[in-house]
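Protein chains in written order, with this note's numbering: chain F, 2 to 258; chain V, 96 to 369.
Quick caveat, the hints were computed from the structure, so don't treat them as lab data. Everything hinted at is true.
Cut-off 27 Å, straight-line C-alpha distance, at most; resulting in silico cross-link-like pairs (DSSO-like, lysine-lysine):
#1 V:K185 with F:K12
#2 V:K168 with F:K73
#3 F:K57 with F:K150
#4 F:K73 with V:K173
#5 F:K150 with F:K138
#6 F:K28 with V:K185
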Amino acid sequence: MTSTNRRGWLKVAGASLGGLWLAACDKFATDPKTLKVLARAEDLTRHAQRLVVDRKALAREYAPADISPDFKANGTLNPSDEDYVAHVAAGFANYRLVVDGLVEKPLSLSLAELRAQPSRTQITRHDCVEGWSSIGKWTGARLGPLLDKAGLKKNARYIVFHCADTLEQTLDGSGQYYESIDLIDAYHPQTILAYDMNDHPLPIPHGAPVRLRVERQLGYKHAKYVMRVEAVEGLSHLGRGEGGFWEDRGYEWYAGI
Amino acid sequence: MAKPAKVLVFRHAAVTRLTHWINVLAVSLLLLSGLQIFNAHPALYWGQKSHFAEPWVSMTAQQKGDETIGVTKIGSLKIETTGLFGYSGKPGMREPRGFPAWATIPSFRDLADGRRWHFFFAWLFVINGIVYWVMSLLNGHARKDLAPTKADLAPRNVWREIVTHAQLRFPKGEEARHYNVLQKGAYLAAAAVLLPLMVGTGLTMSPGFDAAAPWLLDLFGGRQSARTIHFITASLVVAFIVVHLVMVLVSGVWNNIRSMITGRYAIEAAGGDQ
Chain F
2 MTSTNRRGWL
12 KVAGASLGGL
22 WLAACDKFAT
32 DPKTLKVLAR
42 AEDLTRHAQR
52 LVVDRKALAR
62 EYAPADISPD
72 FKANGTLNPS
82 DEDYVAHVAA
92 GFANYRLVVD
102 GLVEKPLSLS
112 LAELRAQPSR
122 TQITRHDCVE
132 GWSSIGKWTG
142 ARLGPLLDKA
152 GLKKNARYIV
162 FHCADTLEQT
172 LDGSGQYYES
182 IDLIDAYHPQ
192 TILAYDMNDH
202 PLPIPHGAPV
212 RLRVERQLGY
222 KHAKYVMRVE
232 AVEGLSHLGR
242 GEGGFWEDRG
252 YEWYAGI
Chain V
96 MAKPAKVLVF
106 RHAAVTRLTH
116 WINVLAVSLL
126 LLSGLQIFNA
136 HPALYWGQKS
146 HFAEPWVSMT
156 AQQKGDETIG
166 VTKIGSLKIE
176 TTGLFGYSGK
186 PGMREPRGFP
196 AWATIPSFRD
206 LADGRRWHFF
216 FAWLFVINGI
226 VYWVMSLLNG
236 HARKDLAPTK
246 ADLAPRNVWR
256 EIVTHAQLRF
266 PKGEEARHYN
276 VLQKGAYLAA
286 AAVLLPLMVG
296 TGLTMSPGFD
306 AAAPWLLDLF
316 GGRQSARTIH
326 FITASLVVAF
336 IVVHLVMVLV
346 SGVWNNIRSM
356 ITGRYAIEAA
366 GGDQ
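Sequences are here, hints too, so could you generate the full structure?
See the structure below:
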């Protein structure tokens, strides 16, 4: 064997051994049983944060000068779903925000009616699960008073946000975006259904006409293109049962960290 | 010349040894899963928010003529790092990614799994660290072994330790019963500064925890600054580990490893022929 040959052979052997090692690690690292054990830490995190974070504690609010000129839009940027495209064509004139599920009086609100509801304006930081942050000014209807108006039934435990966008094409429709939060976050003063961003109607990449702002949690909880707000008792019957589009794909339901 | 007699002295309490090895496990997995998380957005910024056009540090794939190259940017410095940072993988299967496959858990891009690994071992790391510090304060480890004495801190002594360490000549006999001032400094810096800083900057990145402790945002200068300091501190932890391992290797590897497993460390007995 020439020395170049031997070096080549060693390189291949080294690379294959390294490859085998990585493959073995990956098999263990992404094994569903392993991940299930690791996921227990999520409950610990949620309980610990609920313990130390007052349920009404506000997320930091910033000054107008802090607003990001380059607020990044992620996920769906322009839904191609037929119904949504029709809404855009009509300038959202036919849009209705539906509030139903476990409520006494289901609501169906036009954008003008939504704008007439008790509102809040806040300049907050949007923290993406990927690691970046952008700051924006949001105005929207406070979710708490809206739920009170509809009258939550006693067995309602979660609020689900059904969205207009399909983020992943699937045969069973589980690629439709949705999110859910508990009643602590639903009644938090900064939890709003935002229709304005930086003093202008919400642009399409950021979720026109209405997106959820649930400050104190990561970006994927802030559902865009919200069509329907549903009060439910449990989450297992929705999507793949984990409480949200990204939760169904391995991300934490409690996105406070 | 007779060989100096060796005696085994009791060096590390059980709790020190146990928390040391749990820390080895936790920190290793935190580093590997941390790089997976970093890779989801391989750029760092200063301040509250990201300035996407001007990251302080970034690792990106760029076109250079016909080929794709990895470029690492630090401040105004740009370095080609193809194969390592920005663009790596087997030849022909290279892909844009911050850190290479061998440095992340899992090796392929999977932020959700990386986060699960990270937060699970973050809890283990924090609980282990609390146990270590509470016990070290109670059993005297912090006071007797780690806190430098006045004599330790005398400039002449510090200088002497630096010189002898640089010559790879290490304390022997009675002197080796205690940590020298460089060891004390390094261990204190790691256990009292770097590792707690990892937790503090990590928590500052949590939007939930920020609501409970907004002062963290002021302390570290914003969430993006906290993320950057988290990364820099992690790099310093890696630097500590490298130096620590080298020193373990050159100052009697088996003696050191035994002392961290059984607690017993061999030194040359006083009065031994030197």
